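Let chain A serve as the given structure and place chain B on it in line with the hints.
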Amino acid sequence: ETGVTQTPRHLVMGMTNKKSLKCEQHLGHNAMYWYKQSAKKPLELMFVYSLEERVENNSVPSRFSPECPNSSHLFLHLHTLQPEDSALYLCASSQGSGGPDHYEQYFGPGTRLTVT
Amino acid sequence: ILNVEQSPQSLHVQEGDSTNFTCSFPSSNFYALHWYRWETAKSPEALFVMTLNGDEKKKGRISATLNTKEGYSYLYIKGSQPEDSATYLCAFIRDGGSQGNLIFGKGTKLSVKP
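In order, the protein sequences belong to chains A and B. Residues 102 to 217, numbered by the working numbering, are exactly what the first sequence covers, in order. Residues 5 to 118, numbered by the working numbering, are exactly what the second sequence covers, in order.
Bound-form chain A, shown alone (with noise of 0.2 angstroms):
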């Protein structure tokens, strides 16, 4: 247990659905992040949040829409998916800023997405 939940753990969605995955962290930590692994491509940067503000927006598109309402809790709000949007969805968290440590991340189990 890596202190990072992460729900649900599989998805299956249309594309005209919308979903949210939740994650939640029980580290104290002031910084939450929203991965994409895809096969055969590096994991891929989605957003971060630092102390409950998005600091990190790596062009993703606006069907992809996260909100941090606490340090705890970090959601990613799903509308009108396509099927390339199927990946594992990683949730992470890191103490934040302070120094190189502070940015190791601790990783949620992830949601496995498929869009039908």
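It is possible that part of the hints are untrue.
[Unchecked claim] Result set (DSS-like, lysine-lysine): computed pairs, CA atoms no more than 27 angstroms apart in a straight line:
| id | chain 1 | residue 1 | chain 2 | residue 2 |
| --- | --- | --- | --- | --- |
| 1 | B | 46 | B | 73 |
| 2 | B | 63 | B | 46 |
| 3 | A | 137 | B | 110 |
| 4 | B | 46 | A | 123 |
| 5 | A | 137 | B | 73 |
| 6 | B | 63 | B | 73 |
| 7 | B | 46 | A | 142 |
| 8 | A | 120 | A | 142 |
| 9 | A | 123 | B | 63 |
| 10 | B | 46 | A | 141 |
| 11 | B | 117 | B | 82 |
[Unchecked claim] Ranges between beta-carbon positions, derived for each pair:
| id | chain 1 | residue 1 | chain 2 | residue 2 | range |
| --- | --- | --- | --- | --- | --- |
| 12 | A | 215 | B | 71 | 38 to 44 angstroms |
| 13 | A | 106 | B | 57 | 34 to 40 angstroms |
| 14 | B | 7 | A | 189 | 34 to 40 angstroms |
| 15 | A | 152 | B | 7 | 29 to 35 angstroms |
| 16 | A | 158 | B | 49 | 45 to 51 angstroms |
[To be verified] Beyond 12 angstroms from chain A on every Cβ pair, some chain B residues (computed):
| id | residue |
| --- | --- |
| 17 | 10 |
| 18 | 19 |
| 19 | 73 |
Hints in this document: simulated from the structure, not taken from any laboratory. The model shown is predicted, which means the values in this text are computed figures rather than measured ones. For each residue, glycine too, the CB sits at the ideal point set by N, CA and C.
What follows is chain B alone, placed relative to chain A:
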């Protein structure tokens, strides 16, 4: 575009063999280099955070070195065991950018046969 390259893509070794693999990253604007181990059906876990040129870090049978001037890091596993089977990822953080922005390589998948 910042590229982080890892080689080889996959590696099959016998139990007891020692092995190593490479992570290449941009040699300019270096801030930090992370190594992670990702076992099947589990979450990636951090192995090392490396920051200084010439750094060498060790955790049990696994060690890593860092050369920031030429832009590479090596990960070594001495006396591989089946439980070392995993994908090993490196991630580069650039100085001057958002320091939470980790750029990952595709990983090296290691399989250790008993």
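Hint check:
{"no.": "1", "hint": "B:46 to B:73", "result": "violated, 34 angstroms"}
{"no.": "2", "hint": "B:63 to B:46", "result": "holds, 20 angstroms"}
{"no.": "3", "hint": "A:137 to B:110", "result": "holds, 12 angstroms"}
{"no.": "4", "hint": "B:46 to A:123", "result": "holds, 18 angstroms"}
{"no.": "5", "hint": "A:137 to B:73", "result": "violated, 30 angstroms"}
{"no.": "6", "hint": "B:63 to B:73", "result": "holds, 24 angstroms"}
{"no.": "7", "hint": "B:46 to A:142", "result": "holds, 18 angstroms"}
{"no.": "8", "hint": "A:120 to A:142", "result": "holds, 24 angstroms"}
{"no.": "9", "hint": "A:123 to B:63", "result": "violated, 33 angstroms"}
{"no.": "10", "hint": "B:46 to A:141", "result": "holds, 18 angstroms"}
{"no.": "11", "hint": "B:117 to B:82", "result": "holds, 15 angstroms"}
{"no.": "12", "hint": "A:215 to B:71: 38 to 44 angstroms", "result": "holds, 41 angstroms"}
{"no.": "13", "hint": "A:106 to B:57: 34 to 40 angstroms", "result": "holds, 38 angstroms"}
{"no.": "14", "hint": "B:7 to A:189: 34 to 40 angstroms", "result": "violated, 22 angstroms"}
{"no.": "15", "hint": "A:152 to B:7: 29 to 35 angstroms", "result": "holds, 30 angstroms"}
{"no.": "16", "hint": "A:158 to B:49: 45 to 51 angstroms", "result": "violated, 26 angstroms"}
{"no.": "17", "hint": "10", "result": "violated, 9 angstroms"}
{"no.": "18", "hint": "19", "result": "holds, 27 angstroms"}
{"no.": "19", "hint": "73", "result": "holds, 18 angstroms"}
Of the numbered hints listed earlier, those contradicted by the structure are 1, 5, 9, 14, 16 and 17.
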